[in-house]
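**Student:** Chain by chain, the residues:
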Amino acid sequence: MAAMLAERAPLPRFFSRGALALVLGLYTIYTLGPFLWLATMSVRTTAEISADHYAWPKVFHWEQFRIAWVDSDFATYFWNSTIVVVGAVAVVTLLGAAAAHALARYRFRGNRLVYGILFSSIIFPPQITLISLYQILVDYNLYNSLLGLTLVYVSLQLPLTVYLLEGFFARIPQDLFDAAKIDGYGDLEIFRRIVLPIGMPAIATTLILNFIQLWNEFLFAVVLITDPDKRTLPVGIRAFMGDHFQDIGMIATGVMISVIPVIIVYIFFSEKLIRGMTAGAIK
Amino acid sequence: MTSISIPSAAEEGAQHAAPSLADPRRASWWVLTVFLTPALAVYVGLTAYPAFRTFYDSFFTIEGLDATFVGLDNYRALMSDETFWVSVRNTFIWSFIAPVLDVVTGLLLALALYAGVPAARFLRVAWFTPVLLSYVVVAILWMWIFNYDWGILNAMLRAVGLGALASSWLGDPNLALGALIVTHAWKWAGFNMVVCLAAIHSLPREVLEASELDNCGWGAKLRYVIVPMLRPTLLNLYILAFIGKMKIFDLVWIMTQGGPLWATETVSTYVYKRAFNWNTFDLGYPSAIASVWFVVVCAAVIILNRLLATRERLEY
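From first to last, the protein sequence lines are chains A and B. Take 1 as the starting number for the first sequence in the numbering used here and just add one per residue. Take 1001 as the starting number for the second sequence in the numbering used here and just add one per residue.
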């Protein structure tokens, strides 16, 4: 802040500009540095890392990724994560969009009550459902299954999805719906041919946000999955680390495998993602 | 709403009648059922029912398939459970203090970007990156950063001759909670930054321009214009961060498992330990902890909303 104050004081301006740049530069190293360090370690062998933890890779051992993918089961974890997350995101977006449309568009008794009920669970601490969900999934033979985890993930992301989409759908002009009614569209057609196409930007934002949150989810996965073949990436990495605590190079490679999809999504959709994450917090 | 349809003379005369079914904002119960049932079914089956069942279970001792009714015994045991109170204390410290760190850092970063530093676009993306990393990844990274022998923190301290300060950051009961709070703030500062930045950009331009005309310096502008106008957003961010920290589990579980000596035990990790990790095989007692904590979190959010948001209503 000193730097900003100095806008009005001519003498220390140059100095404080430099100070500001220094602080911001250091902060950038602080946020990106650990990640770059991880990236360099992922292409070095554990022996090289142990010799010097901070050296730039002399040889890029890309085969580390093949070893992690094939020999250390990260391919299994990766595909399990993909199946669960893609399935859950597809289902929750469809269910959430349908509910959000009904809540945003139609007047009926109890509209705000239904909205409040669906939305309020966003503050629930996860333990309130965690223990019982474990019992319920055991009862229905869905414990330790990817289907069970997918269903739970749908319920976890439902409040956020309804909240974000309801806010957007409510801003679609009513005239469009009136015109569609006059053209003889039924309610389902209106949803499919007007709300979904027009709402696509918001739906895309919701998809991306849900994808990242579920891709990173750990608590429910670690409780509801025990079979090593069914682990998702966060659980798999943690299990691998438990078994091979010293194998830093391979852990770093596994972590990179889990981070790369998120980074790719971020590179292509950073604006949408940031907008989605801010939508909930600004009033 | 019905301006498009041409009202017949009869309807003109019957203004008091309820809106006709032609009102496009009305839908038959059948349509509402089709749209709302799937979401409500998921909510009832996988959120509401499990939550009620947890409450119900908290009055039992549940070992495998045997449930024995014990009344309020679990709650009585909880009141005298020292580990529980330590975990409550840790979680409260984290939840009330750390959000200030998050929000202030986020606001300062957002102001730096707003003030027009060069490469602002790159910096925004760079500062936001940690938000996207999973807790597992963040935890592993920071376990390495805090490593006693070769972690970057101790390496830097030794490099500048402060080797005496090099510590076992996660192994010392006095330092572990602070180390976790720093790690958590590292992940979330970027989120607070983008929210603050978006809020600053949505401030009415005239007010900011007026303050510039009045020869208002950055400090005064910040104190008298920007921060008061951002108040609703900042409070919202504080409450969001608060909720997140009341639930904190992943980071603690991977980095310290609540240790050393319960120094980083949070309510979430304690519930998990009692339910799935210790060989107590009783799901009733952890259900009681979860129920108590559910009430505490909801009450805290409501109270914070009332206390902090005197004029503006918050969505959370």
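Please keep in mind that the hints were generated in silico from the structure rather than gathered at the bench. Glycine is no exception: its CB is placed at the ideal position from the N, C-alpha and C atoms. Check before you lean on any hint, since a few could be wrong.
What the hints assert, rightly or not - Pairwise CB distance ranges (calculated):
(1) A:Ile263 to B:Pro1204: 33 to 43 Å
(2) B:Met1156 to A:Gly18: 14 to 24 Å
(3) B:Asp1149 to A:Leu26: 43 to 53 Å
(4) A:Leu22 to B:Leu1165: 15 to 25 Å
Claimed, not checked - Sample of chain B residues lacking proximity to chain A, with all beta carbon distances greater than 12 Å (derived):
(5) Thr1033
(6) Arg1053
(7) Tyr1056
(8) Arg1076
(9) Met1079
(10) Val1160
(11) Leu1162
(12) Ser1167
(13) Pro1173
(14) Leu1175
(15) Ile1181
(16) Leu1197
(17) Ile1248
**Student:** Each hint should be assessed against the structure and marked as holding or not.
**Tutor:** Verification of the supplied hints:
1. Between A:Ile263 and B:Pro1204 the Cβ separation comes to about 36 Å, which falls inside the hinted range of 33 to 43 Å.
2. For the pair B:Met1156 and A:Gly18, the beta carbons lie near 22 Å from each other, so the given range of 14 to 24 Å is met.
3. Taking the beta carbon of each, B:Asp1149 and A:Leu26 are about 25 Å apart, not inside 43 to 53 Å as hinted.
4. Separation of A:Leu22 from B:Leu1165 is about 23 Å and conforms to the stated range, judged on CB atoms against 15 to 25 Å.
5. A cut-off of 12 Å between C-beta atoms contradicts the statement that B:Thr1033 is not in contact with chain A; the least separation is 9 Å.
6. With a minimum CB-CB distance of about 4 Å to chain A, B:Arg1053 fails to clear the 12 Å threshold, and the non-interface call is violated.
7. With 12 Å as the threshold on Cβ separation, the claim that B:Tyr1056 sits away from chain A is violated: the shortest Cβ distance comes to roughly 9 Å.
8. The non-interface label for B:Arg1076 is consistent with chain A: the shortest C-beta to C-beta separation is roughly 20 Å, beyond 12 Å.
9. The beta carbon of B:Met1079 sits about 18 Å from the closest Cβ of chain A, which is more than 12 Å, so the claim that it is off the interface holds.
10. Against the 12 Å criterion, B:Val1160 stays outside the reach of chain A, whose nearest CB is about 15 Å from its own CB.
11. A cut-off of 12 Å between C-beta atoms confirms that B:Leu1162 is not in contact with chain A; the least separation is 18 Å.
12. With a minimum CB-CB distance of about 18 Å to chain A, B:Ser1167 clears the 12 Å threshold, and the non-interface call stands.
13. The claim that B:Pro1173 is not at the interface with chain A holds, since no C-beta of that chain comes within 12 Å of its own (minimum 22 Å).
14. Against chain A, the non-interface label of B:Leu1175 holds: every CB pair exceeds 12 Å, the least being about 19 Å.
15. The claim that B:Ile1181 lies off the interface holds: its Cβ sits roughly 15 Å from the closest Cβ of chain A, which is beyond the 12 Å cut-off.
16. Distance check on B:Leu1197: its Cβ comes as close as 8 Å (rounded) to a Cβ of chain A, failing to clear the 12 Å threshold; non-interface status is violated.
17. Non-interface status of B:Ile1248 relative to chain A is broken: a Cβ of that chain comes within 12 Å, the nearest being about 10 Å off.
In summary, the structure is inconsistent with hints 3, 5, 6, 7, 16, 17 from the numbered list given earlier, while agreeing with the others.
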